[in-house]
Structures are given as C-alpha cells and as structure tokens.
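In case you want the letters, here they are:
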Amino acid sequence: MSADTTHLIAVKDLAASYGHIEALRPTSLHVAPGEFVTILGPNGAGKTTLLRAITRLIPSKGQITFNGKDVSGLKTHDLAELGIIMVMEGRGLFGEMSVRENLQLGAYKLSGSPADMNRRLDKVFTLFPRLKERIDQMSSSMSGGEQQMLAVGRALMAEPKLLILDEPSLGLAPRVATEILSTLGALNKEGLGILLVEQKAPLALKLAQRVYILSSGSVRAELPTHEIKSHHDLARYYFS
Amino acid sequence: MPSVAELSQSLVNGVGIGLIYGLIAIGFSVIYNASGIVNFAQGVFVMLGGMFAHTLLTSYGIPIWLSAIISTVLVAAVGVLVQIFVINPMWRRNAPLFAIILATLAVQLLIEQVIILTLGDRPRTYPEFTAGGPLKIGTVAIPYQFFWVLGVGALLVFALTQFFNRTRMGRALRACAQNREAAALLGIPVERMLIVAFALSAGLGAVAGILITPTQYTAYLIGTPFGINGFIAAIIGGFGSPVAGLVGGVLLGVIQSEAIVFFGAGFRNIISLTVLLVVLMYFPKGLFGGLEKKA
Ligand SMILES: Nc1ncnc2c1ncn2[C@@H]1O[C@H](COP(=O)(O)OP(=O)(O)OP(=O)(O)O)[C@@H](O)[C@H]1O
Ligand SMILES: [Mg+2]
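The listed protein sequences correspond, in order, to chains A and B. When we follow our numbering, the leftmost residue of the first sequence carries the number 1, and every step to the right adds one. When we follow our numbering, the leftmost residue of the second sequence carries the number 1, and every step to the right adds one.
Just so you know, these hints were derived from the structure itself, not from any lab. We put the CB at the ideal spot given by N, CA and C, even for glycine. Hints are supplied without guarantee of correctness; some may be wrong.
Computed from the model, here is a short list of chain A residues facing chain B with C-beta under 8 angstroms [claimed, not checked]:
#1 55
#2 71
#3 72
#4 73
#5 77
#6 81
#7 86
#8 88
#9 95
#10 96
#11 98
#12 101
#13 121
#14 125
#15 129
#16 158
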C-alpha cells in the first residue's frame, strides 16, 4: 500500500480480546510524521486495550507498519528499539529507583558516552526543571504530577520517533495537566509524532491535528480537530 | 548452661554455614525479583557445584581453583538451559506461576536422578582450599575454610551490589523486577534478562556448594536441605538486596547452631522452621523489607 509509506505508523484491523470478550474490534488508524493524534473515548471504550495491542503488551491480531516497514511480528522491546515508546496508564515508574535511575533506564537501548547521557538528561530538565531538583529522590515518593513528568521525561530519554501516552492527565490538578500537555505540544512542534489517549481534556483536542473517537471497542469517527466546534458534537459520537 | 567457649565455637560455625545459606538466598532473590518465580531447583545448583568441582579435581586432576571456576561456569550454563528449555516455554504460554514453580521442583528431582546415574550416589568431599589449620583462638577453632567462605561471600556481595546499582544490565534486571511491562516498553528484553537471572543464581548456588564441600560433603541429595535453608534465609532477608540475603543467611546459621548447643542437634530443623513461621507471621516482608522501602 502506497499510503503506508507516508505514515509514521499505520495500524490495520488490529483486534484484541480478553478470553472471549472482544475488547477491541478490528480497528485501523494512523499517525503521519510529525502529527499529533488524540484518541477520545469514555471509560471502558478500549483505549488502553488499543494502545497495549499496538505495543504488543497483549497478544493482538492485525497489521502494523512503522515508517513503511511491516513490524507486525515484533515484540514490545523490538518496537521500542525502533522508536515506538509508550507512557503507560498508571505511569509505570520503577518505584524503588531514584529519578536519575528511572531516566537513565529510559536511554537503555541507546548506546553512547556519558556525555550523550548528560545531553539527554539536560534536555529533559529543560522541559521539566522540577525533575532536576528531585534527581536523587525515590520516584514513588514524588507527587502525582512529578511522577507523570518523570514518566514522560523517561520516555523522552529513549529519543522516541512516536510517543504514545495513555491518559497522562489522569488524577492531576488541571494546572499540572496543562503543563504536561503543553510540553507535548511543544515537542510536537519540533516534529515528534504523538498518539495521545485522553478522556476529557479540551486541551488535548486543541493540540491535536486529528482525533479518533473510540467507543465499545471500535472507532466511531475520525475527524480533524478543527471540525469539532463544541462538546455537543463529541457527545453525539460517544453515544451513537 | 553451655560455656562461653562452646557458645563462641558455635557462633563461628553458625556464621560459616550462614554465609553459605546467604549465598543461596541471594540466588533465590535474583530469580524471584526478576520474575516472581520461586526456583525450587536452587538447591540443586549447590549440589552440582560441589559435584562438578569434585569430579574435575579428582578425575581430571585439575587444580581446585580452576575446578571451582569451571564448575561455576558449568552450573551457570545448567541454569541457562533450565530457563531456556523449561521456564521460558511456560512463561511464553502465560502458564500460571504455581505451575512454573512446580516445574522447578520437577527439574530438581530430574537433575538428582541424572546425577545418580552419571556420578553415583556416593557422598564425596575434597580438602580445604588452604591446607593446615584450624586457627586456634583460646579454645575456639576456626578452620581455614571459614576465611575462604567469609572472603568469597563478602566479595560476591560487594560485586553484586555494584552490578545491580552501577551497571546497565544490573539496573535493567532491577527494572524487570519492579515493572516488567514498563521495562519492555523501554526496549529491555525481559526474557533475555531472565536468562541472565538464572545464570547468576545458578552460579551463586554453585559457589556456595564448592565452598561448603570441604567442611561437609556433597552428594546428590544435599540440594533439598540447602535449598530449604537458603529459602528460609531469603524470607528472613525479605527477598531484598544481596546484603539483606547474606544477613538473613548468617542470622539463620547462627540461630541454628546456637540452638544445637542449647537443645541438641535434633532441634536444628525445628528451630529453623519455627524461625520461618515467626518471620512469615510477623514480618511478611522479611526483617529488612520495611526498612529498605524507606531508604
Ligand atoms: N485484563 C483484562 N481482562 C478482562 N477484561 C479486561 C481487561 N482489561 C480490560 N478489560 C475490559 O476491556 C474493556 C476495555 O478496557 P480498557 O482498559 O481498554 O478501556 P479504557 O478505554 O482504557 O478505559 P479507561 O478510560 O477507564 O482507562 C473494558 O470493558 C474492560 O473491562
Ligand atoms: Mg485506559
């Protein structure tokens, strides 16, 4: 398919089930290079399932191409090697490790000198200065907002080509959520492809170029964000 | 009342055997932390370490230091084979953890049978690494082998601590222990890390077996008692850091050997198992589990 070479990632007929419950019906979506895509959907819509299927944390059927290459047979860690990095639901921090160790592990797959490591760390500290102040703190003892910053910072240490995030604003004060989402917007301006799952967050819509609406395990709509004028429009898709 | 001399002597004995339990405990913890699997074949690595070293030494005339190194490498390789041919296929099929744990028990019995068929069921031993001794301090006798156990134990715990905290691979192993999915999402090959964990803990078991054989003996059936005591030590240490495992082992060794002085040799296992129950009931995270979390 010629279209796939113009996509950063293209997912075709991806499906996953838990036992005989089909949590994700065959679903197709894509993210173009440098694009910011948001997936919206109510609780239990299958958003997390979709992201876990893409990153192969759960067994799934369907085809995935990344930069025009078929990567359907690859495992989670191989996909990470290619630059598909996910900040998982609940952050997935290494709780009994310091901020520094979490960040260093972010760059696990990248070889390089200590100077390279410091350069990557500095980049993350510019985005989230608070992490620098807490560099030696145990990650589990940080506030929710700081933990989410660390989760995003750690993912950036891996120098992702596609950054996937599962509800990074969950449980955060609006101001902190805004801070984190704005950072994602800035990264996207620098050319980073982003696939973001959110439940509400109007800001996530403002930042994105395109949005998919997911409900009951399948995509109900795909539309450019400028076509969404009001929340009323969204609600229509949710419950249709 | 036992005399001070008796108590000191049993203290020395207890520390000696306790260090061995500690090494076995660390082996349990390395695999458990990386995977949630309690590897009941751990004791068999201890047995193999002594058996291989003995065979290399007596049948091939290889000097003890070289026999020890070769034996450790061979046993680590056995650990890798167990992981690749037994654990990994089950792991991939998402087998329940208890099934995997039962499989490790089967591996222990299987390896014991193979050893009976190939090397026989005769107990065997070899001389201490350094001839002479024991060192006498008053009436307390300290065998030279004690210093080997102490030195190697301390060195290994130091090296392991550095490995887990300072190296890329060590950190990745800890990452797998804390959150396997997050580790995979960062490009850490979790299954390969589990192979490393098995190699490491088999090697540790082998070292324990090689060190203890001169003061006791080795035979196909020593895996179970050493495995059980190492397991109790691991629980006392809370399946935590290498230092916690070693301290857990020494505590168990000392309690056992003082119990023998006070109540007689028959009470040794009763005391160990009582200690196990008390720790499980009142310190389910091990004696240091609570402390370490706060550090
Ligand atoms: N491990 C599991 N076993 C069985 N069913 C599951 C499992 N995980 C999720 N499900 C079910 O699959 C459906 C989709 O769940 P999923 O977590 O993907 O939803 P979500 O859109 O991420 O929801 P939320 O916004 O609450 O995070 C739900 O009905 C859920 O109950
Ligand atoms: Mg979810």
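These are the hints, each one checked on the structure:
1. 55: holds, 6 angstroms
2. 71: Where the cut-off is 8 angstroms and the nearest Cβ of chain B is about 14 angstroms from residue 71(A), the hint is violated.
3. 72: Cβ of residue 72(A) sits 17 angstroms from chain B, so the hint is violated.
4. 73: violated, 15 angstroms
5. 77: holds, 5 angstroms
6. 81: Nearest chain B Cβ about 5 angstroms off; hint holds.
7. 86: With a minimum Cβ separation of about 5 angstroms from chain B (threshold 8 angstroms), the hint on residue 86(A) holds.
8. 88: Given a least distance of 6 angstroms, the restraint on residue 88(A) holds.
9. 95: holds, 6 angstroms
10. 96: Given a least distance of 6 angstroms, the restraint on residue 96(A) holds.
11. 98: violated, 10 angstroms
12. 101: holds, 6 angstroms
13. 121: It is violated, given that the least Cβ distance between residue 121(A) and chain B is near 15 angstroms, above 8 angstroms.
14. 125: With Cβ-Cβ at 19 angstroms, over 8 angstroms, it is violated.
15. 129: This interface hint is violated because 23 angstroms lies over the 8 angstroms limit.
16. 158: holds, 6 angstroms
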